[in-house]
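Undergrad: Take a look at the letters that make up each chain.
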Amino acid sequence: MILLYGVAAGLAAGLARALITRRPYAVPELRWPGLLLVAFLPQLVAFNLPVTRASFPDQLAPFALVSSQVLLLVWVLANIKKPVFWLLALGLILNLVVILANGGLMPIQPEMVMHLYPDAPPDAWSVGERLGVGKDIVLPARQTRLWFLSDRFTLPDWSPYQFAFSLGDVLLAVGAVWILWRAGAGPDDEREGNRHGTKVE
Amino acid sequence: MNKLSQHVVLASGKMNSQTVRVILFVLSLGLFVIAAGAPECPGGFGG
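So the protein lines, in turn, are chains Z and X.
Start counting the first sequence at 1; every next residue gets the next number (the numbering used here).
Start counting the second sequence at 202; every next residue gets the next number (the numbering used here).
If you are wondering where the hints come from, they were derived from the structure by calculation, not from laboratory data.
Since we're looking at a predicted model, the values are computed, not measured.
For each residue, glycine too, the CB sits at the ideal point set by N, CA and C.
A hint or two may mislead.
Unchecked claim - One side only, chain Z facing chain X, incomplete, derived with CB under 8 Å: (1) 68; (2) 69; (3) 95; (4) 97.
What the hints assert, rightly or not - Take a look, some chain Z residues computed to stay more than 12 Å from chain X by CB distance: (5) 16; (6) 33; (7) 48; (8) 59; (9) 63; (10) 79; (11) 81; (12) 91; (13) 140; (14) 145; (15) 156; (16) 173.
In isolation and in its complexed conformation, chain X is listed as follows (with noise of 0.2 Å):
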């Protein structure tokens, strides 16, 4: 039983840090295409 707990405390904080990492990596790529594209739209116009 302690080691079941082991393996779910691990698979869990395993998943979370993959989790966060596939979230701050898509931020970033996010962000990065936005500061780097310089696509015309409507509403970056007016003030």
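Same shape as in the complex, but just chain Z (with noise of 0.2 Å):
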């Protein structure tokens, strides 16, 4: 949820520079739209949905967790001409890299999980399984792979928001965030255009 306050964000930016610029809001036109719902679908069960999250397997939430990310690749690749769309494609493959070597989960270190759940009773988590019905797994620093590319960043302790988040999920928001600025521009071909000194009327 928290990336999506991001894409809140950037979408009124760029909302208010094609208001102030008087430019079209314009957004490129996007292949394969349906394989994103696919893709998402593991995720919805595994994951998001409290009715299947809950009694979902442990085992299996690895497969669910890779099969949509592998798809989500497949789908950024479509779109990889796209503005921006490179910086949407290096988030999500530092993830999943860190992801595949990690067992098929996002590590997170035991350190971030007391951080983020203080008053969680003792036998809540533990160190080497599945955080809950989350896409993560506790795993101290030494023991995980690629540490660096995990959830080992979180926001301040005066932020009415807590979270952990990965390099990968930095670059997914800044890539979105981007995008939705830079819409705002106006067209593509306007704006070349203007860059070679003729305006396209």
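Both chains are sitting in their own frames, so use the hints and assemble them into the complex.
TA: This is the structure in structure tokens:
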């Protein structure tokens, strides 16, 4: 959900830019939008729907996450020629690599879990196991492959929102905001014309 | 008058299709970001 706030902020900024510059808010046409829905389905069942996620087997969670991310990778590569989608692809790949390297779930350190859930009972989670019904697996840094790509970042203590995120998440958020901001500058062909000194009417 | 009404129809159709395109794009991007990102948020812990 937190990443959606970034999308909302990027959209608001891009729309404001279009309004101020009096240009149309121009988004590219996406290929294979249906694949996005298909890609999201495994995660919807495994991690999001309250009805299914509580009973979803831990052994199948990695398959759900990895298959979903692979389909997302196919989708983003199909749209790689769209502006800034290379950054989305990079963020996704960084997340996918660390997930694959650690058994199919995103690693999170025990210290981070204690920071996020200070009131959790002692037996609520354990090292080496999936964290609740989410996408994470609790692993100490020394047992985490590519730990620098894991959910190792968090916001300052004064932030009302506390969550752990990875370098890949940062790139995804920046990419989404950048794409939505960029759309406020008008269509690409109009920008190309202005860049070469000829204004397209 | 006929030409004016034709322009209005064309303009409103174009505006609506552009709006729909933006909405679908933003929804697609939002869905992608949610699925591709893996931030651990409090609330995903419980059942």
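Undergrad: Hints broken by the structure, by number, lowest first?
TA: Violated: hints 4, 6, 7, 10, 12, 16.
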